[in-house]
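Enquirer: Okay, here's what each chain looks like letter by letter:
There are 2 protein chains.
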Amino acid sequence: MQTRSVETRAKIVQAAQELFSKTGYESASVSEICEQAGISKGAFYHHFPSKQSVFLELLSDWLKGIDLGLEALRSNPPEAEQSLVRMADILPEVIHAAEGRLPIFLEFWLHSARDKELWNTAIAPYQRYREYFRMVVEEMDPEGAIDPAKKETAALAVISLAIGLLLQGVVQPDAADWGAAGRESIRMLLEGMTRRSS
Amino acid sequence: MQTRSVETRAKIVQAAQELFSKTGYESASVSEICEQAGISKGAFYHHFPSKQSVFLELLSDWLKGIDLGLEALRSNPPEAEQSLVRMADILPEVIHAAEGRLPIFLEFWLHSARDKELWNTAIAPYQRYREYFRMVVEEMDPEGAIDPAKKETAALAVISLAIGLLLQGVVQPDAADWGAAGRESIRMLLEGMTRRSS
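As given, the protein sequences belong to chains Y and B, one line each in that order. Numbered per our numbering, the first sequence spans residues 500 to 697. Numbered per our numbering, the second sequence spans residues 500 to 697.
The hints are simulated quantities; they were obtained by calculation from the structure and are not laboratory data. Wrong hints could be hidden among the right ones.
Since the list gives no way to pick out one identical chain from another, each pair is judged satisfied if it fits inside one copy or across any two copies.
[Unchecked claim] Keeping only pairs whose Cα atoms sit at most 16 Å apart, straight-line, the calculated EDC-like set for lysine to aspartate or glutamate is:
hint : residue 1 : residue 2
1    : Lys649    : Asp676
2    : Lys649    : Glu690
3    : Lys550    : Glu534
4    : Lys650    : Glu637
5    : Lys521    : Glu531
6    : Lys650    : Asp676
7    : Lys521    : Asp614
8    : Lys550    : Glu531
9    : Lys510    : Glu556
10   : Lys550    : Glu517
11   : Lys649    : Glu638
12   : Lys521    : Glu534
13   : Lys650    : Glu638
Same shape as in the complex, but just chain Y (with noise of 0.2 Å):
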């Protein structure tokens, strides 16, 4: 693309965020965001084919951001347990990145729910996560000495812990020090898992 095709394309992104977060994604309408963005419909058109699709494009920037911390984390472990903790220390960063795109992604979840095609456009990350959850755990278990259940459990509970965590921070963001509940949880959570099983 040309710089400036590159350009026009951001400004898109950035004005649909910021109206999305504003007014929320069902008020928003394509005229509105051309106007916020200073560009005709035929350029928007020309970018994207739907609103719909500049979300998709909003919250997949957003999770390869989430990926990105999570694989920092994950390429100097010092261990898994270690990693897992740590995770919530991008907690705070992950709530500050979605600051006007959670509550997006919210309402586009909510949305899903009455949606199968879109359902399985906002599934789809939850299953990478909590299978990413499951190897994590599972590596602090080399011997496989605790329930394979218990580790299941202990995946989802915390994805839980962090979905929960994020909804009260995004809107509530100074309520809680959220990396640090965050921290403090997960390894409560981690010492009741192993400690059960011994």
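Mind docking chain B on chain Y? Use the hints.
Expert: Just chain B now, kept in the frame of chain Y:
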């Protein structure tokens, strides 16, 4: 209120719930609610000042149900830990009751993040639960042997777990045994909380 008036009110609430969960809170209009309920706009405004007030009634009904469930658990508690773990038993029921309501609640939560007045309505119940769980965790530690910060974290973690499990359970009711997942997660968490401090 006269019987007919009570019936009309119930019809409005029922119609609103169906519409909100089908098309979303934002998209549903008072006209559509009236049409669905088979009543006039005059009758609607006789009972409710706005669409938002119907939503708040739905929300309050649902929260009352959760309160009753928690109250029942506490009225006959074998032990504080048991009551927290058994709390997970009401999770499937809450998920079931939330069907069609939790998505609306979340949508409302998102709108609240953009509107301070709504926010106070949406946030108050959550503060109540945080207080409730802090109290239950406190009962588990009559001798005050556990670091208060740890108990605070545990209370927040239980809520976060519940929110995360609910959110997943509502959109994927069959993807896991959510009650069992909640029970086992809370157990791990509490085990971690008490063991680490002994």
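Enquirer: Evaluate each hint against the coordinates.
Expert: Checked hints:
no.: 1; hint: Lys649 <-> Asp676; result: between (28 Å within a copy, 13 Å between copies)
no.: 2; hint: Lys649 <-> Glu690; result: both (12 Å within a copy, 13 Å between copies)
no.: 3; hint: Lys550 <-> Glu534; result: within (14 Å within a copy, 30 Å between copies)
no.: 4; hint: Lys650 <-> Glu637; result: within (7 Å within a copy, 28 Å between copies)
no.: 5; hint: Lys521 <-> Glu531; result: within (12 Å within a copy, 25 Å between copies)
no.: 6; hint: Lys650 <-> Asp676; result: between (27 Å within a copy, 15 Å between copies)
no.: 7; hint: Lys521 <-> Asp614; result: between (24 Å within a copy, 10 Å between copies)
no.: 8; hint: Lys550 <-> Glu531; result: within (11 Å within a copy, 25 Å between copies)
no.: 9; hint: Lys510 <-> Glu556; result: within (13 Å within a copy, 41 Å between copies)
no.: 10; hint: Lys550 <-> Glu517; result: within (13 Å within a copy, 26 Å between copies)
no.: 11; hint: Lys649 <-> Glu638; result: within (14 Å within a copy, 26 Å between copies)
no.: 12; hint: Lys521 <-> Glu534; result: within (15 Å within a copy, 30 Å between copies)
no.: 13; hint: Lys650 <-> Glu638; result: within (10 Å within a copy, 28 Å between copies)
Going through the hint list in order, the structure satisfies each hint without exception.
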